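As they're listed, the protein sequences go chains H and R. When we follow the working numbering, the leftmost residue of the first sequence carries the number 20, and every step to the right adds one. When we follow the working numbering, the leftmost residue of the second sequence carries the number 586, and every step to the right adds one.
Mixed in with the good hints there might be a few duds.
As the list claims (entries may be wrong) - Listed next, the stretches of chain R that the computed footprint assigns to chain H, with coverage defined by at least 3 CB atoms under 8 Å from CB atoms of chain H: (1) 608-619; (2) 624-631; (3) 648-655; (4) 671-681; (5) 684-698.
Said to hold, decoys possible - DEER-style ranges, computed between Cβ atoms: (6) H:VAL168 / R:ASP642: 40 to 46 Å; (7) H:VAL30 / R:HIS692: 28 to 34 Å; (8) R:GLY599 / H:ASP112: 54 to 60 Å; (9) H:GLU139 / R:VAL613: 39 to 45 Å; (10) H:ILE95 / R:VAL613: 53 to 59 Å; (11) H:ASP255 / R:GLY615: 38 to 44 Å; (12) H:ARG273 / R:ASP689: 43 to 49 Å; (13) H:VAL168 / R:THR626: 51 to 57 Å; (14) R:HIS692 / H:GLU274: 39 to 45 Å; (15) R:PRO720 / H:LEU110: 42 to 48 Å; (16) H:ARG44 / R:ARG691: 39 to 45 Å; (17) R:ASP643 / H:THR24: 45 to 51 Å.
The set of hints was computed from the structure by calculation and includes no laboratory data. Because the structure is a prediction, the values reported are computed rather than measured. Using N, Cα and C, we set each Cβ at its ideal position, and we do this for glycine too.
If you want the building blocks of each chain, they are given just below.
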Amino acid sequence: MVHLTLNGKIVQAREGEVLLSVIRREGISIPATCHHESVEAFGACRLCTVEITKKEWNGWKDYVTSCLYPVQNDLIVDTHSPAVVELRRTLIDLQLARCPNSPEIRQMAEEYGITTTSYEERPDGDNCILCGLCTRICDRMGFAAISTVGRGYGRRVAPPLDEPPPDCVGCLACALNCPTKVIPYVDKGTTRVIWTKQFELMTCTGCGRTTITRDFAKSLGESRQISLQYFEKCDDCHRRELSQTMTRIVSWQREEKP
Amino acid sequence: MTSQFIVIPDLCTGCLTCELACSFAHPVEGKPGRTRIVVYTTPVKELWIPVVCLQCDDPACVRSCLVDALRRNPATGAIELHQDKCVKCLACVAACPFGCSLLDGRHNLIVKCDLCSGDPVCAHFCPTKALSFRPFDTGLLKATA
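Just chain R, same shape as in the assembly:
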């Protein structure tokens, strides 16, 4: 775990390219799947909020999973859902306090952001770099504050 996924809502233009990229990066049966990142419009002028899994330190989804289908990948730090182990009890969907464990109702699958195994496609496609995946930089938090 050497990099972090950074979302800077101030830079987001609401173009939804990330949602498209995510859908196409996670196809189901050759068709685009449900996006793991959702961009919300806000009443504030020129502000959009991309909502994506926060990969919590003490994740409620992992705690709620009774069959150990959700596990943290130590290489990327992302919590990954092992689809073949999932029994679709929806415990993680209900437990996540940020609503980032999603139900793909069309294919009856649970989906969540897994940082594309360490190379998030949405970050590549974000035209304004509101989403980025970069090595840990302690100076960044001070710079944006």
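The shape of chain H in the complex, shown without the other chains:
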């Protein structure tokens, strides 16, 4: 066990844990837009930056991204010191300059007292903060259909060659976990369009409701050895089927011993 001081309170942490998970466990709220527990920490958004120091550092302080910094004994952490709040404000200000129309970024900026950015707004800005969470989740799920392309000012998230990505299965994990909800997708009838690729949605043979895409079901069937029959019905119909089976069993039992 490791003992450290977090905002003046001594807390325990496991060896090898990162600061952010200790901060979250203690119920302290700091923004961390590029963080997701299912993927490794990346340190792209830098918003989880905290101030650290130690007694033997003689007043020296350091500013580290808590999602990447492992806990140490006798570490003194401050998540809301004036300097670190100012640092975070600057970062949010920069994000607001890039994505002036994103409601998520605007709300975060308002929490830190920023209404308009003090930098020049990007004229052709979209709402992507380039945190790379979508590409990392896609890699983690084993598809790796999208990636960041270009460098510097022109960097963006895109499928290879800006064509419909051959490896995409249309699971929507990228779009649903995007911190600024910027990845567009359309579900219409039995088709889904994401990254300009068109998918066919599985239709429940019982009630006609659509579930996941056929490509996703096929890929799960191959990689995880799940029978495609499992995907033919929706969860509602599966439950109803189970209750009907149980009804049959109970009524047989009742006939046997009236």
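Let chain H serve as the given structure and place chain R on it in line with the hints.
Relative to the frame of chain H, chain R by itself:
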């Protein structure tokens, strides 16, 4: 894993107290969440079927999860969903052959029965003990058969 969750549909009166108890035991943002147990009415006289996760030996939901958000808790034997790891791809909802991995559409969350970490609230509230959580008893199956 020393206890098992037992559902005896013959004793169920369809009072839906279990659904209420489950909702209140799993609140989201301070409001009742989606229930993990669903009671179905049947055409048979005086028969209701509570449908809840069977905690399968070879679970399709765990197999289908590409980010390891679903894992079995060795202490209780229940398959638990780690909410912060879930990427909401709905693979488990589609894969479960019993439909017991549910989508809470209002809060956009996946929910499933985790046996309340070893003390199911629904079993406490069931007035007729149609739902019970008790230590393994090999004699029970013979007695009800």
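Right, here's what the structure says about each hint:
| no. | hint | in the structure |
| --- | --- | --- |
| 1 | 608-619 | violated (count 0) |
| 2 | 624-631 | holds (count 4) |
| 3 | 648-655 | holds (count 6) |
| 4 | 671-681 | holds (count 10) |
| 5 | 684-698 | holds (count 6) |
| 6 | H:VAL168 / R:ASP642: 40 to 46 Å | holds (45 Å) |
| 7 | H:VAL30 / R:HIS692: 28 to 34 Å | holds (29 Å) |
| 8 | R:GLY599 / H:ASP112: 54 to 60 Å | holds (58 Å) |
| 9 | H:GLU139 / R:VAL613: 39 to 45 Å | holds (41 Å) |
| 10 | H:ILE95 / R:VAL613: 53 to 59 Å | violated (35 Å) |
| 11 | H:ASP255 / R:GLY615: 38 to 44 Å | violated (27 Å) |
| 12 | H:ARG273 / R:ASP689: 43 to 49 Å | violated (36 Å) |
| 13 | H:VAL168 / R:THR626: 51 to 57 Å | holds (55 Å) |
| 14 | R:HIS692 / H:GLU274: 39 to 45 Å | holds (44 Å) |
| 15 | R:PRO720 / H:LEU110: 42 to 48 Å | violated (55 Å) |
| 16 | H:ARG44 / R:ARG691: 39 to 45 Å | violated (27 Å) |
| 17 | R:ASP643 / H:THR24: 45 to 51 Å | holds (47 Å) |
When held up to the earlier numbered hints, the structure conflicts with 1, 10, 11, 12, 15, 16 and fits the remainder.
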